[in-house]
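Visitor: Residue numbers (this note's numbering), protein chains in the order written: chain A, 1 to 297; chain B, 1 to 377.
Keep in mind that the hints were calculated from the coordinates and are not lab data.
Straight-line C-alpha distance at most 30 Å; calculated BS3-like pairs for lysine-lysine: (1) B:K87 to A:K211; (2) B:K60 to A:K104; (3) B:K87 to A:K104; (4) B:K105 to B:K115.
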Amino acid sequence: MNHTVKDAAFLPFEPLKQTNSVINEPRLVRWLLIAAALGFLSLFLLLPLLSVFVEALRKGAGAYFAAFADPETLASIKLTFIAAAIAVPLNLVFGLSAAWAITKFEFRGKQLLITMIDLPFSVSPVVAGLIFVLIFGAQGWAQPWFGDHIGKVLFSTPGIVLATIFVTFPFIARELIPLMQEQGTEDEQAALSLGATGWQTFTRVTLPNIKWALLYGVLLCNARAMGEFGAVSVVSGHIRGLTNTMPLHIEILYNEYQFVSAFAVASLLALLAMVTLAVKSFLEWRYADQLAATRRH
Amino acid sequence: MDIQIRGVQKHYGSFHALRGIDLDIASGELLALLGPSGSGKTTLLRAIAGLEPLDGGQVKFGDIDATGLSVQERKVGFVFQQYALFKHMTVFDNIAFGLNVRPKKERPDTVTINKRVRELLELVQLGGLEKRYPAQLSGGQKQRVALARALAIEPRVLLLDEPFGALDAKVRKDLRRWLRSLHRETGYTTIFVTHDQEEALELADRVVVMNRGVIEQVGTTDEVWDAPSTPFVYDFLGTPNVLPARVERGALLLNGATATLATAGAAPEGPVNVYTRPNELRVVGDDDASALTGKIVETQRTGLLLRLGVKLLSSGDVIEIELPHPDPDVQRWQIGDGIRVRPSRYSLFPRAVATAADESGYDPTLTVTEHRERSRT
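For reference, chain A alone in the conformation it holds in the complex:
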């Protein structure tokens, strides 16, 4: 008698009763699908993430926070933020220009440019790092001139920033190109015909049209810039307190059996990633109306 009520209590995703019976799977199938999805998610995503925090707090909050008092750790955190703070704005400008050029103009070599934008995705980060070693290394072809006029690139902050820019280049452009292709140029033409200057058209029409894609691109780009290991590892030289970013510092700490410190720094990195995701979700929720409105019908 109370059959349905009891079952419903166990089933958190009970669909609306009036849904089309054709697409209503048997209860067992539904359960299995949900269990499989949740199980997979917990096992491969949640559990590892959780273990990072558990390991970091194993010896208590005191040890956890003590890990951050280490000047080398602080230096690595600072360097990571510096690299991201330079790489993300630059890639914002590069990505926007590249997307603009590709979607609003026809020119020779456009396909090549599109392929080139994807290069950092397809090349292994280690190779990306090696590219800079070959250019700026002791035997590199650019080093004699650079060394004399500008300063050291490899094994110092500029090299790390360069490698970070290279690896994170596609994120913003890739996010913008499909959207801008779909939107075409009619809005811009309309703005121009109404007397707007090129800059007014860009700031008042183009930018609002792409701001969400741009924001996602920046968030993803930032997450990757802070988390990059491979390419940065090759060019950094691992000088403690000088050229170690957070990911590199974590590896060193771990190799030296300083597990609490290693996991503490790792937890900070993971936390930053989660904040990024949270900001993205929050903005999506907060501006849901606008998001829906800006999509083409």
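Knowing the structure of chain A, use the given hints to seat chain B on it.
Guide: Same frame as chain A, but now just chain B:
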């Protein structure tokens, strides 16, 4: 403001979109550019707006040579086919856009802008909707916002690209009537593009029929309908019957038939095509010597019209005839009946052999938009 267009040329790569267009548009006129897709009508409209750079020729607004002017400097009101409303702005901000982007010295103050936008909203009958976003409007409402936005800058000329293309039939009819009265009220020189002949003929003072980058005919509705100047215009405005014939010593001989017709003046000697519309054929009696005889092979009743397919005895061609549906008392036409008809109105055009040179650069599988996209630099 009157507009003069002289020898305008436009290429998209190898595609010759406009082949030397000459056109004079009077101040306050409502003009339609009519043609099939690929005829260059939208290209011409965009050329007037300055959205397409020209390869040759001149566009003048009154005494001003606009050829070298940028889109902004031309001050035209352009309404796009898909409206191109700014999605992130309210209706109010959309309409005020053209005023808000003016340099500080020329920009009206907030009160004036407010007043102007409200006037325009009333004009396009959208009062009370100023806080809505474009996504919350119907197609017809969006169209009117786009129009108000274009009118806000007090344009020299109003240009509309397929203004009713994206709307359903009922809305389209209402909007057409409304646009006509709006034009009467505001008096802007207005040019609109359409591929719908009914729309063009009903709405416009004059119609420009375009085909393959040239103007085929310019005239009032009556002129283009009653005296089509080329076979293309005949074809585009209806489905004429085309009868091969010859002109000999001033007399018109229909192929294989004994029928002769007057040549109506200056027809050249030699092979010609006779163009006559289905409703211009009259059923005649046995005593008419210049009639065409045939047999009815098809009958179709559409409302008050009766359409007959008649197979001519002389050539075997099937021609179409439209008659008012007969009174139930008189004879009903049946398939297999013999019938004698005679064109009451017709036009003659020399039967030209199509030249291969005509086809150069014309790829019918590509739309003009694609040519435009491909050649954009």
